[in-house]
Amino acid sequence: MTHSIAIIGASGYTGAELIRIIATHPSFEIKALAANSKAGQSIAQVFPHLRHLDLPKMVTWEEIDFSGIDLCFCALPHKTSQEVIAQLPKSLKIVDLSADFRLRDPAAYQKWYGNPHAALEMQAEAVYGLTEFYRDVIRGARLVAGTGCNAATGQYILRPLISAGVIDLDEIILDLQCGVSGAGRSLKENLLHAELSEGTNAYSVGGVHRHLGEFDQEFSALAGREVKIQFTPHLGPFNRGILATAYVRGEADAVLSTLQAAYADEPFIHVLPKGQTPSTHDVRGSNFCHIGVVADRLPGRTIVVAALDNLFKGSSGQAVQNANLMLGEDEAAGLMLAPCFP
Numbered sequence: 001m002t003h004s005i006a007i008i009g010a011s012g013y014t015g016a017e018l019i020r021i022i023a024t025h026p027s028f029e030i031k032a033l034a035a036n037s038k039a040g041q042s043i044a045q046v047f048p049h050l051r052h053l054d055l056p057k058m059v060t061w062e063e064i065d066f067s068g069i070d071l072c073f074c075a076l077p078h079k080t081s082q083e084v085i086a087q088l089p090k091s092l093k094i095v096d097l098s099a100d101f102r103l104r105d106p107a108a109y110q111k112w113y114g115n116p117h118a119a120l121e122m123q124a125e126a127v128y129g130l131t132e133f134y135r136d137v138i139r140g141a142r143l144v145a146g147t148g149c150n151a152a153t154g155q156y157i158l159r160p161l162i163s164a165g166v167i168d169l170d171e172i173i174l175d176l177q178c179g180v181s182g183a184g185r186s187l188k189e190n191l192l193h194a195e196l197s198e199g200t201n202a203y204s205v206g207g208v209h210r211h212l213g214e215f216d217q218e219f220s221a222l223a224g225r226e227v228k229i230q231f232t233p234h235l236g237p238f239n240r241g242i243l244a245t246a247y248v249r250g251e252a253d254a255v256l257s258t259l260q261a262a263y264a265d266e267p268f269i270h271v272l273p274k275g276q277t278p279s280t281h282d283v284r285g286s287n288f289c290h291i292g293v294v295a296d297r298l299p300g301r302t303i304v305v306a307a308l309d310n311l312f313k314g315s316s317g318q319a320v321q322n323a324n325l326m327l328g329e330d331e332a333a334g335l336m337l338a339p340c341f342p
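Residue numbers (the UniProt record's numbering): 1 to 342.
No lab work stands behind these hints, which were simulated from the structure alone.
With a Cα cut of at most 30 Å, we get these calculated DSSO-like pairs of lysine-lysine: (1) LYS31 - LYS57; (2) LYS228 - LYS274; (3) LYS93 - LYS57; (4) LYS188 - LYS111; (5) LYS228 - LYS111; (6) LYS31 - LYS93; (7) LYS79 - LYS228; (8) LYS31 - LYS90; (9) LYS90 - LYS38; (10) LYS79 - LYS57; (11) LYS57 - LYS38; (12) LYS79 - LYS90; (13) LYS111 - LYS93; (14) LYS90 - LYS111; (15) LYS38 - LYS188; (16) LYS38 - LYS93; (17) LYS188 - LYS79; (18) LYS111 - LYS79; (19) LYS188 - LYS57; (20) LYS90 - LYS57; (21) LYS79 - LYS93; (22) LYS79 - LYS31; (23) LYS38 - LYS79.
So the derived label-pair ranges between C-beta atoms look like this: (24) PRO48 - ASP265: 38 to 44 Å; (25) GLY199 - ASP168: 32 to 38 Å; (26) PHE66 - SER279: 37 to 43 Å; (27) VAL208 - THR24: 38 to 44 Å; (28) HIS49 - PRO77: 19 to 25 Å.
Each residue gets a CB set at the ideal place from its N, CA and C atoms; glycine is no exception.
Construct the entire structure; sequences and hints are all you get.
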């Protein structure tokens with residue numbers, strides 16, 4: 001069975017990645033592409049690397065006839081996304097790649113994103129889209145909220161460890177480096193090549209990064225008590241990829257065996273042999289996440305490192321993985337592309 005797909009926000013990086021993935025998906029076909037700022041342009045004009053694909057021209061989202069659409073991906077900025085989604089047909093299946101429906105508490109959304117939520121009924125309906133941990137409810141969902149790419153990486157490390165009780169919940173430090181595509185495609189002075197290349201910097205330091213809202217929500221729910229981690233992201237001079245390093249108090253063997261058990265049957269999460277750590281090169285352009293565990297020189301302390309592609313597994317690949325479940329397809333359909341190296 002072929003499912004008709006629409007993408008709103010198709011001119012951004014995650015939109016381009018959705019198009020690239022769906023182009024070879026065995027049962028998805030793109031019927032509409034919306035990008036209000038690029039309306040009327042062809043895919044070759046917006047993304048020359050996709051010029052070989054026979055796709056409809058970009059239109060405004062208001063021009064799409066949703067009566068023939070089975071599922072819509074929404075890849076718009078937060079705040080804009082909720083405003084658009086609230087106007088879409090109530091029967092339409094939606095995977096949202098923005099932050100607008102990730103946080104269950106409206107007060108938490110206002111705290112982290114600076115404005116009150118404008119679609120509270122839909123926010124209550126949304127299912128959190130970390131596929132490996134929410135797949136049973138994602139299957140029956142109408143609206144799925146994709147996670148933040150940083151939030152997904154940290155959770156792949158920490159969720160099993162928190163659930164199993166093998167680490168000290170009050171001593172969790174997460175240090176993360178993210179490629180520049182994580183900041184989106186819009187023009188920003190600090191992302192100019194001359195200002196970004198040959199250097200790196202920490203940002204949102206001291207507990208103000210918005211993805212902490214997801215960490216607080218998910219980890220506290222798992223533990224049954226408040227869990228707040230220390231988290232510092234860094235902007236790296238590379239295009240795509242996330243490398244996250246977690247410092248925890250817990251025995252390395254217990255940490256490793258817990259992660260191995262949690263991901264033994266997961267097609268996209270690979271736990272490396274003890275002592276090995278991954279590189280962003282190992283997962284670039286793929287839906288895979290690699291996790292490595294190393295015992296620290298200090299007794300009872302462990303270092304866990306995870307790598308994934310922020311645009312693929314951290315966003316668009318995760319979105320397609322969720323869409324597969326929502327439409328009754330094989331969860332891995334269209335997503336087994338091998339990483340691109342070098």
